[in-house]
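Protein chains: 2
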Amino acid sequence: MGSLQDQEIFENGFSGTIKPLDPEEFRRQGHLVIDFLADYYKNVEKYPVRSQVEPGYLKKRVPGSAPYDPEPIEEILCDVKNDIIPGLTHWQSPNYFAYFPSSGSIAGFLGEMLSTGFNVVGFNWMSSPAATELESIVMDWLGKMLKLPKEFLFSGGGGGVMQGTTCEAILCTMVAARDQMLKKIGRDKINKLVVYGSDQTHSAIQKAAQIAGINPENFRAIATTKANAFGLTAQALRETIKSDIESGLVPLFLCATIGTTSSTAVDPLGPLCDVAKEYGIWVHVDAAYAGSVCICPEYRHFLNGVENADSLRFNAHKWFRRRRLLPQALVKALSTYPEYLRNKASETKQVVDYKDWQITLSRRFRSLKLWLVLRSYGVANLRKFLRSHVKMAKNFEGLIGMDKRFEVVVPRNFATVCFRISPIEIGGNYGQIVASEEETTNYFNAKLLEAINESGKIYMTHSVIGGVYVMRFAVGASLTENRHVNFAWKVVQEHANQLLTM
Amino acid sequence: MGSLQDQEIFENGFSGTIKPLDPEEFRRQGHLVIDFLADYYKNVEKYPVRSQVEPGYLKKRVPGSAPYDPEPIEEILCDVKNDIIPGLTHWQSPNYFAYFPSSGSIAGFLGEMLSTGFNVVGFNWMSSPAATELESIVMDWLGKMLKLPKEFLFSGGGGGVMQGTTCEAILCTMVAARDQMLKKIGRDKINKLVVYGSDQTHSAIQKAAQIAGINPENFRAIATTKANAFGLTAQALRETIKSDIESGLVPLFLCATIGTTSSTAVDPLGPLCDVAKEYGIWVHVDAAYAGSVCICPEYRHFLNGVENADSLRFNAHKWFRRRRLLPQALVKALSTYPEYLRNKASETKQVVDYKDWQITLSRRFRSLKLWLVLRSYGVANLRKFLRSHVKMAKNFEGLIGMDKRFEVVVPRNFATVCFRISPIEIGGNYGQIVASEEETTNYFNAKLLEAINESGKIYMTHSVIGGVYVMRFAVGASLTENRHVNFAWKVVQEHANQLLTM
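Protein chains in written order, with my numbering: chain A, 368 to 869; chain B, 368 to 869.
Quick caveat, the hints were computed from the structure, so don't treat them as lab data.
What you were told as hints is all true, and nothing was included just to trick you.
Identical copies carry no separate label here, and so any pair may be met within one copy or between two of them.
Below, in silico cross-link-like pairs of lysine-lysine (BS3-like), each with a Cα-Cα straight-line distance of 27 Å or less:
{"hint": "1", "residue 1": "Lys556", "residue 2": "Lys699"}
{"hint": "2", "residue 1": "Lys716", "residue 2": "Lys699"}
{"hint": "3", "residue 1": "Lys386", "residue 2": "Lys413"}
{"hint": "4", "residue 1": "Lys559", "residue 2": "Lys699"}
{"hint": "5", "residue 1": "Lys758", "residue 2": "Lys511"}
{"hint": "6", "residue 1": "Lys413", "residue 2": "Lys711"}
{"hint": "7", "residue 1": "Lys517", "residue 2": "Lys427"}
Bound conformation, chain A alone (with noise of 0.2 Å):
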């Protein structure tokens, strides 16, 4: 192998027997991976929606290390179907009902192909002025669209990026928010700086404090309650911040949520960016799964409060306000300018730059896509489109209701409904296990669920909240209609049949 591989180097020339971008083979094979995707839809309802592999499957079926010789399309494309697909969790299922949906859609889909295809690397604006300028353009529109107050928007002074993760665009901001606050108290009190969120935050905040060099003793997962419907109260806040203060300690961030990831709740933004004020801490709206649906009148309400908060995020964008010095705040902490990026228009300042508005150098031309969705289903079909989700978790709330055996456990706010067995259904059938009747409730429901997702017809996922499991069944697939709800609810009363009659 050694002299083959020797011999190589002597061999090639610029004969270019390697074309990786040729037009037309593009096309050829670009037609076949289109026309495998859309059978790949058109079947998607038939396979089991959480995949039935055992680990290490995959290493049974593929080689242990790269081919020497190039493999045709055709082949891979028939190993994909044969070795990748029976390992999906098939997101795009309507059938699918965990975690929260990722919804694709066709103007989605093809944005990223735009977005590849171009394979711009958008870092500045004179690397591709269009990536930056879109970007900017479409984060306005997105901003009015959810009525934004003026300062958030680039033409009110704030202005917004598009974030690759929920991860990224909370460690930015935190990131900005502790440089600011070092800057004021000296870079020696960074043990003392202090985070808050509730015991429903997601975890990302945690994690994105831990990346930041902040004290993890000093994270505050402030206890929530179902009389509150688990939203974060100011009451709660208030107290939290005065004795750390009383403890010597430096009150930072908060991270207010616009529905949860457990239960959907919604913390109420006003008091709590009330409170903050008071002791300067930065707020940041994290609207992830919420945020979109604030588009439709009906829904705005749950973000009154926000012309108080210093940041929001809403799926992978983000805006900054003007009021603080934003986002000058965050171009200050992440800002780099090595000689080989320097360039006539940054200097000039009449543009921006967004490798300085996040954690990378390089990023995609994300803005195609949202512009592309935006442009496809127009303002009126994406209000459509979310309110078909809320309308079908309806639904499916109301045939729980039918059912005496089940109970929603919390209040449902959007497209997610908590659920599960009542304890007093399981009493009878369960009442030798010695344990308490909740424990034994939550144990029961998690046998249910799990039942449920091995049958492979639809999957949801669980939390466990104030102590309860609940089962969460989040609409929001693409595909997903409402015929497939009502066959959801019939598997999971099927599988409620069985379980209670052992």
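For this one, chain A is given, so just place chain B on it according to the hints.
For chain B alone, kept in the frame of chain A given last:
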């Protein structure tokens, strides 16, 4: 408008006027975009490489708000052609020689399509087993192609992960190293930690240190010299470390680079690892640029010494080695396990949950892309492809050598040539400017580069190395053939002729 919107709330049902993922519509629109992109590649050579638009050009062509009603894809593609393409800097042009080119390929594109199409969010094994397992498999494939020591592979107790970007990769590694050290010396010492690189190290490392809460005063960009080909010497590293320890600081992390961004210089891994080992410093190898070419046996020697490093990054991929209980240090630093993510597979510890190997929770099915690339081209063609880039750069270097007005400023290691008009040539024509000869030369070369880029015929970027302004000619765009290199040289000469006779 208010009443129109209020009415909507009542008018839509489950009638499904919106089918955002209809398979046949997906097929139709998908084919349209494939043809659009194939035509783009066919014509990309004709566009000015660097975009010629002025800041703010797009605002004048695009409405200020999102459309209320849907728009057809045909119209949107028209706008992409008329409004977006002029604002692109064409990274896929065969005449693109700027920064480091992003070499797109058909296989890579198809992999992205499949990943986007399946749209799974593979944060843990359960959420899509194939995504995790394929990633582990291809990371081992790649590790073997690079002949990494066994401890870097999953099969040897280490393991690899695909990160979104360079900066994320470095940040993760640094946080793991930081927390390991703080556990030993106490959190209150965070301001004592020191991070080492050279003055040629990528700015991402300084930014990562900044985000991770390392005191900005404790980032050492150790000076390099032309005498050492701009590589970091073990002696300089040792002296800096010693002086830091004398000042009561704690050496933490060294980034050694194989192929720096400015001039593709190589830090000598072996001697640097020896010094680092002595002081218990984490060694991270940044082989982002030159790592790939090390799959060719004749370049592998640049990685010699990697057996004593702790982590290695190479493009968007990263390996951790076993010796220092890695990747456990990483998982320890980045792990979160909220209730809604709990699942049987994770609890058995039989599986990798990649969310704990990175900053973000969610992640794309990234390995599909790499898998398709490795299989479509095979090791054989990938080597040929990389060698053809080096050959073309050599050719360019040869052309420079034949024109005595020019000089190659630093020795070429890979496929990037750093060159300039020599001081002597300029003396005669720009002598009237009151400045040192070096300043005059730099000024003149900057002027030449700007004139070349403004022509739109080719695009190069610059750097300043050891005070010398250089033009960087980086071969790597997938469509580049030797004729483009010859053409580029003609463009350089023509512009030089013009300026030198002005």
